[in-house]
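Engineer: Let's have the full structure, built from the sequences with the hints guiding it.
Number of protein chains: 4
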Amino acid sequence: MKTFRKRLYLTLDPNEKGGIPERIFEYLLITIILLNIAAVIAASVPSLEEQYKELFVDFEIFSVVFFTLEYIARLYAIVENPKFSNPLYGRLRYARTTMAIVDLLAFLPFYLTFLPLDLRFLRIFRLMALFRMFKITRYMQAMNIFKRVIAERKEQLVLSFIFIIFILIIISFFMHLAEREAQPDKFGSIPEAMWWGMATLTTVGYGDVVPITPLGKVLGGLFAIAGVAFLALPAGILSSGFFELLHSPRSKKHICPHCGKEFHD
Amino acid sequence: MKTFRKRLYLTLDPNEKGGIPERIFEYLLITIILLNIAAVIAASVPSLEEQYKELFVDFEIFSVVFFTLEYIARLYAIVENPKFSNPLYGRLRYARTTMAIVDLLAFLPFYLTFLPLDLRFLRIFRLMALFRMFKITRYMQAMNIFKRVIAERKEQLVLSFIFIIFILIIISFFMHLAEREAQPDKFGSIPEAMWWGMATLTTVGYGDVVPITPLGKVLGGLFAIAGVAFLALPAGILSSGFFELLHSPRSKKHICPHCGKEFHD
Amino acid sequence: MKTFRKRLYLTLDPNEKGGIPERIFEYLLITIILLNIAAVIAASVPSLEEQYKELFVDFEIFSVVFFTLEYIARLYAIVENPKFSNPLYGRLRYARTTMAIVDLLAFLPFYLTFLPLDLRFLRIFRLMALFRMFKITRYMQAMNIFKRVIAERKEQLVLSFIFIIFILIIISFFMHLAEREAQPDKFGSIPEAMWWGMATLTTVGYGDVVPITPLGKVLGGLFAIAGVAFLALPAGILSSGFFELLHSPRSKKHICPHCGKEFHD
Amino acid sequence: MKTFRKRLYLTLDPNEKGGIPERIFEYLLITIILLNIAAVIAASVPSLEEQYKELFVDFEIFSVVFFTLEYIARLYAIVENPKFSNPLYGRLRYARTTMAIVDLLAFLPFYLTFLPLDLRFLRIFRLMALFRMFKITRYMQAMNIFKRVIAERKEQLVLSFIFIIFILIIISFFMHLAEREAQPDKFGSIPEAMWWGMATLTTVGYGDVVPITPLGKVLGGLFAIAGVAFLALPAGILSSGFFELLHSPRSKKHICPHCGKEFHD
Chain A
1 MKTFRKRLYL
11 TLDPNEKGGI
21 PERIFEYLLI
31 TIILLNIAAV
41 IAASVPSLEE
51 QYKELFVDFE
61 IFSVVFFTLE
71 YIARLYAIVE
81 NPKFSNPLYG
91 RLRYARTTMA
101 IVDLLAFLPF
111 YLTFLPLDLR
121 FLRIFRLMAL
131 FRMFKITRYM
141 QAMNIFKRVI
151 AERKEQLVLS
161 FIFIIFILII
171 ISFFMHLAER
181 EAQPDKFGSI
191 PEAMWWGMAT
201 LTTVGYGDVV
211 PITPLGKVLG
221 GLFAIAGVAF
231 LALPAGILSS
241 GFFELLHSPR
251 SKKHICPHCG
261 KEFHD
Chain B
1 MKTFRKRLYL
11 TLDPNEKGGI
21 PERIFEYLLI
31 TIILLNIAAV
41 IAASVPSLEE
51 QYKELFVDFE
61 IFSVVFFTLE
71 YIARLYAIVE
81 NPKFSNPLYG
91 RLRYARTTMA
101 IVDLLAFLPF
111 YLTFLPLDLR
121 FLRIFRLMAL
131 FRMFKITRYM
141 QAMNIFKRVI
151 AERKEQLVLS
161 FIFIIFILII
171 ISFFMHLAER
181 EAQPDKFGSI
191 PEAMWWGMAT
201 LTTVGYGDVV
211 PITPLGKVLG
221 GLFAIAGVAF
231 LALPAGILSS
241 GFFELLHSPR
251 SKKHICPHCG
261 KEFHD
Chain C
1 MKTFRKRLYL
11 TLDPNEKGGI
21 PERIFEYLLI
31 TIILLNIAAV
41 IAASVPSLEE
51 QYKELFVDFE
61 IFSVVFFTLE
71 YIARLYAIVE
81 NPKFSNPLYG
91 RLRYARTTMA
101 IVDLLAFLPF
111 YLTFLPLDLR
121 FLRIFRLMAL
131 FRMFKITRYM
141 QAMNIFKRVI
151 AERKEQLVLS
161 FIFIIFILII
171 ISFFMHLAER
181 EAQPDKFGSI
191 PEAMWWGMAT
201 LTTVGYGDVV
211 PITPLGKVLG
221 GLFAIAGVAF
231 LALPAGILSS
241 GFFELLHSPR
251 SKKHICPHCG
261 KEFHD
Chain D
1 MKTFRKRLYL
11 TLDPNEKGGI
21 PERIFEYLLI
31 TIILLNIAAV
41 IAASVPSLEE
51 QYKELFVDFE
61 IFSVVFFTLE
71 YIARLYAIVE
81 NPKFSNPLYG
91 RLRYARTTMA
101 IVDLLAFLPF
111 YLTFLPLDLR
121 FLRIFRLMAL
131 FRMFKITRYM
141 QAMNIFKRVI
151 AERKEQLVLS
161 FIFIIFILII
171 ISFFMHLAER
181 EAQPDKFGSI
191 PEAMWWGMAT
201 LTTVGYGDVV
211 PITPLGKVLG
221 GLFAIAGVAF
231 LALPAGILSS
241 GFFELLHSPR
251 SKKHICPHCG
261 KEFHD
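Chains as they are written, first to last, in my numbering: chain A, 1 to 265; chain B, 1 to 265; chain C, 1 to 265; chain D, 1 to 265.
Hints were generated in silico from the structure; no laboratory data involved. Ideal Cβ placement from N, Cα and C applies to all residues, glycine included. Some clues are possibly wrong.
To be verified - Distance ranges between label pairs, derived from CB positions: (1) D:T97 / C:I150: 39 to 47 Å; (2) D:T97 / C:N81: 43 to 51 Å; (3) A:A95 / D:E155: 52 to 60 Å; (4) B:Y76 / A:K147: 52 to 60 Å; (5) D:E50 / A:L69: 58 to 66 Å.
To be verified - Capping the alpha-carbon separation at 25 Å, the derived lysine-lysine pairs in DSS-like fashion look like this: (6) D:K186 / D:K217; (7) C:K217 / B:K217; (8) A:K186 / D:K186; (9) C:K147 / D:K154; (10) D:K217 / C:K217; (11) A:K217 / A:K186; (12) D:K6 / D:K83; (13) A:K186 / B:K186; (14) B:K154 / A:K147; (15) C:K53 / D:K186; (16) C:K217 / B:K186; (17) D:K217 / A:K217; (18) A:K53 / B:K186; (19) B:K217 / B:K186; (20) C:K6 / C:K83; (21) B:K147 / C:K154; (22) B:K53 / C:K186; (23) D:K83 / D:K147; (24) C:K147 / C:K83; (25) C:K217 / C:K186; (26) C:K2 / C:K83; (27) A:K83 / A:K6; (28) A:K217 / D:K186; (29) B:K83 / B:K2; (30) A:K186 / B:K217.
Structural biologist: Written as C-alpha cells, this is what we have:
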C-alpha cells in the first residue's frame, strides 16, 4: 500500500501518469491559475477594482493560502523522487530548481504587501503563475522541443538579434541625418529616430513617426525592404531547427569534435 | 445498368471521378455557393439592399430550396456508399458527419427566419456554405495534408499560442505601468493596454494607441522585437511539419514511443 | 565558319554561353530595359514630364525602334534553334511562346498611340519589359526553381489563398455586426469592413479603420492573432517546397498514383 | 619562451584560444566598442551633447588613440600568422583584408575632423566599429554559416529582391492610375505611389498614405495579399538554405550548428 506522502507526490508531479484524483487536482490548479490571471487583469480596470474590491482581496488571500500549502506539500513529498531523496539536501536542491522558484514567487510577494510600501508592481509575480501552466503534462514534451531547438541554434539566434540591433542603429543614424531638419521633434536625435526604426524593421509601422522628405522616404523604403529580409533570418533558423530535431526518428546524437557540444542529426 | 440512386450518388460524391454530368453539377454547385457569398456581402451594403431587395429575397429562396433538395438527395443516395449502407443507421451516421452538418447549416437557419425575431445574425450560416468549397475534388487532398500537418504539430502550435497570450499579458501589464499616467484613456487598465499589445505582437501596428513616454517607447520597442521572434515559432513549426509529411519517399510510418501517436519519417 | 544568322542567334539567345560581343549585347539590353522603366516612372512626375517632355518622347521612339528590330532579329535567327527549325511553323511556334509575347508587348502598344485615344494606360506594357530581365542567363535557373516549387505546391498555395479569403469574409462579417452602430461610415457594410480585415490579416495595419467598441476590439484582436497563424501557412509551404527541390542531389522523380502528378524527392 | 610579438599576436587574434590576458583584452575591446556606439547615440541628443560636450570629446580622443594603437599593434604582430609572414607584403596584404579596413575606418575619419569642414557625417564610421563585434570568437562561426547560406542561395535571394521591386513598380503604377484624381498630393506620380507600395508590400503600413477610392481599396487589398505571398519567398529560401547546410544525411559530412565547423563521422 502506498503511503500518504507517496500518493501526495504522485498527485503533485506532472510527470507521473495519474488516475482520477490526480486529474482533478491538475484541473483545479489550472482553474486557480487562470482565475488569478483574470483577477490581476480585472483589478487593473478602475471601475471593476472599485466595485469588487473585497472580492479581489478575498480571492487573493485564498490563492496565496492555496499556493503556500501546495508549495509546502511539494517540498514535503519531493523526497519520494529518487533525484531529491535526501530529506534535507534533496529538498534544498529541489527548492533551487527553476520551477520551485516560480512556484515560490507566485505567493511570496503577497507577504511583502503588509509592509507600508506601494507594491502593486509585485502583482507581476502573480502573472508569473502562468508559467506554471507549462508544467501540465501534455505540453511538457512540446516545451522540451522548443528548448532544444533554441539551445541548438542559440548562437545563430543571438547573432540575428545583434544584426537587427546593429541595422537599427545604422538606419536610425541615417534617418536622423535625413529628417532632423524637417522634423526636429521626431528625428532630432538617434534615440528618437530609433523609435521609427524599430517600428519599421519589425514591420509594426505605427505611423506616428514617418519620414516626410524625399531623401527620408527613399532611405526609409530601402531600410524597410532590408528589414523584411533580415526578419526572415530567425524564421529560417527556427524552421530548420525544428525540422532537424523532429525529422529524424533515429535521433542520432553527434558530438562536434571542434566545440564538444552535442547536436542532433 | 446503374440504378438512378447509384447515378445520383456518383454525381454528388466528390470522391468519385465523374463524367460530364458530374462536372456540370460540380460547377453549378460552386456557382450557387459563390453567388450566395456574394449575395450576403452585397446585401450588407445599405444602398444595394434597398435597390435589389426583392432580387436578394428571391435568390435566397431559390438557394434554400436548392440546398434542401440537394441535402435530401445526398441522404437518399448515401446508402450506395459501403460505409453508410444501412438504410436507417447509415443515413443517421452520415447526417452526423461534419460535412453533412455544414450542408444542413447552409439552409436550416432560413426556416427560422419565419419566427418573429431579428435573425440577421443567422446569415453567417450562409457564409458557412463556403466551407463546402473544400469538398471539391482537387482541393480535398491538399486539405488532408493541412489537417495532418496541424494534427501532428497540435501540441506545439497550442503551446506557441499560449506563449503569445502569455507574452501579451506580461507586456500589457508593463506598458500599463509605464504609460497609465501619461495616457490614462489608452493604457488605463491591462485590457486597454492589451489592444496595443495585440497590435504590436502581431506587427499589425494600427497606430491608434502608441506609447509616448520614453520608458514606454523603450519597453515597446523591446517587446516588438521579442514579438517578431515569437511569431517565427508557428512559421517554423508549420514549415517543418509540411516538409516532414511530404518529403519522405519511403513514407515509412513510425509510432512515437513517448506519446503513442503515429508520425511519418 | 559561322553564318551571320548563326552568330546572331548565339548573340540573342540567353541560354548560349557567349563571348565578348554577346555580353556587350546583354548589358546593352539590360541598360535599355532599366532606362525604359526609369522613364515610365519619371514621366509620371508632372514637373519632370513637363520639363523633359521631348527627351521622354525621343527615348520612347528610340526604345520602340530598338525593341522592334530586336524582335525581328530574334524571329529571323530562331530557326537556328533545332526546336524551331522550320522557317514558317517554327517561327510561328516561337512567336507564341510566353517570352516572345512579352517581347512583342514591350513595343506593340506604342503603335496604338497613333490612334486618337487616351492610351496612357498602355504604358504598363513598357513596364512589362522588366519581365525580360528574367531571361538573363544567371537568373534563369533560379527562376526555374521558383516555377517548379510553385507548380508542385500549387494546390496547397491556392487552398491557403482560399482560406485567407474565407477568413477575411467571416471576420469582416462579424466586425460589421460589432462596429456598424459605432462607426457606420467605416463598418457600415461587409465590403467596407473587408478593408479593415485585409489590413489586419496581412498585418499591414494602416490604422485608418480601427474598431472602437470593446466587442470590436476583442474580436479584432483574436482575428489578428488568427491571421498571423494563417500567414504562416504559405511560408511553410514554400519553405518546405524549396527544401524538397533543392536538398536531394539524386533528384528522384516520383509519380503520385492518385493524381498522376510528378513530384520530387 | 614566446616572444613579445608572438604573445601580442595571440592576444589580438580572435581565432586563437586565449588564456586570461586574452579574455581580458577581448572584454576590454567589446566595452570600448559598445561605449563608442553609446557615445555616438548620446551625442546626437542635443541636451546631452550640450551638457557633456567635453566628456564626449575626451572619450572620442581616448578611443581614437586606443584604436590607432591597436591597429598598429595588429599590423606589427600579424607576421606571426603564417598567411601574412612577409614583413612588408604580408602586412600590406593584411591591411587590405575587410576586417583590417573596418578597423582602420573606425579611427581614420577622426583625423579628418581637423579640416575646416562639417564632417559630423563621418561619425557613421565610429558606428562601423560595431562590425568588429563579429570578430568575437563565438560568433565568428555562426557568422560563417550565415555567409554560406547567403552565398549558396544568392541567385534566388537576388531574384526575390528583383521580384519585389518589380511588383512594387507595377502596383504603384496601378495605384497611381486609380488614386491620382482623388489624392493628387499622395498618388500624383509613380514615385509618390511607391511610398504607399513599399509600406504595403513590406506590411509596415504606416497609414500616412492610404487609398480612399473604392477601386484603389480593392486593388490595394489584392496587392497587400499578393505582397504577403511574395514575402514568404525569402523566408522559404533562407529556411531551406539553413537546413540544407546543417542537416545532410546523404554525405557523411556534418556541420556543427554551434560552431559551424565541418567534420566527418
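Engineer: For a C-alpha distance cap of 25 Å, please report whether K53 of chain B and K186 of chain C respect it.
Structural biologist: With a Cα-Cα distance of about 23 Å, the restraint between K53 of chain B and K186 of chain C holds, given a limit of 25 Å.
Engineer: Can you confirm whether the C-alpha distance between K83 of chain A and K6 of chain A stays at or below 25 Å?
Structural biologist: Roughly 15 Å separates the two Cα atoms, so the pair holds.
Engineer: Holds or violated: K147 of chain C with K83 of chain C, Cα cutoff 25 Å?
Structural biologist: 22 Å, holds
Engineer: With the threshold set at 25 Å, check whether the alpha-carbon distance from K53 of chain A to K186 of chain B stays at or below it.
Structural biologist: 23 Å, holds
Engineer: Has the given pair, K186 of chain A with K186 of chain D, been kept, meaning a C-alpha gap of at most 25 Å?
Structural biologist: 21 Å, holds
Engineer: Quick one, are K6 of chain C and K83 of chain C close enough, alpha carbons at most 25 Å?
Structural biologist: Holds - the C-alpha atoms of K83 of chain C and K6 of chain C are around 15 Å apart, at most 25 Å.
Engineer: K2 of chain C and K83 of chain C: Cα distance at most 25 Å?
Structural biologist: Answer holds: K2 of chain C to K83 of chain C is near 19 Å, not above 25 Å.
Engineer: If you draw a straight line from the CA of K53 of chain C to the CA of K186 of chain D, is it 25 Å or shorter?
Structural biologist: Between K53 of chain C and K186 of chain D the Cα gap is close to 23 Å, so the pair holds against 25 Å.
Engineer: In this structure, is the beta-carbon distance linking Y76 of chain B and K147 of chain A contained in 52 to 60 Å?
Structural biologist: At 55 Å between Cβs, range holds.
Engineer: Does K154 of chain B pair with K147 of chain A here, judged by a C-alpha cut-off of 25 Å?
Structural biologist: Measuring from Cα to Cα gives roughly 17 Å; hence the hint holds.
Engineer: Is the distance from the Cβ of E50 of chain D to the Cβ of L69 of chain A consistent with 58 to 66 Å?
Structural biologist: 59 Å, holds
Engineer: Just to be careful, I want the Cα atoms of K186 of chain D and K217 of chain D compared with a cutoff of 25 Å; is the pair within it?
Structural biologist: Status holds; Cα separation ~14 Å.
When held up to the earlier numbered hints, the structure conflicts with none and fits them all.
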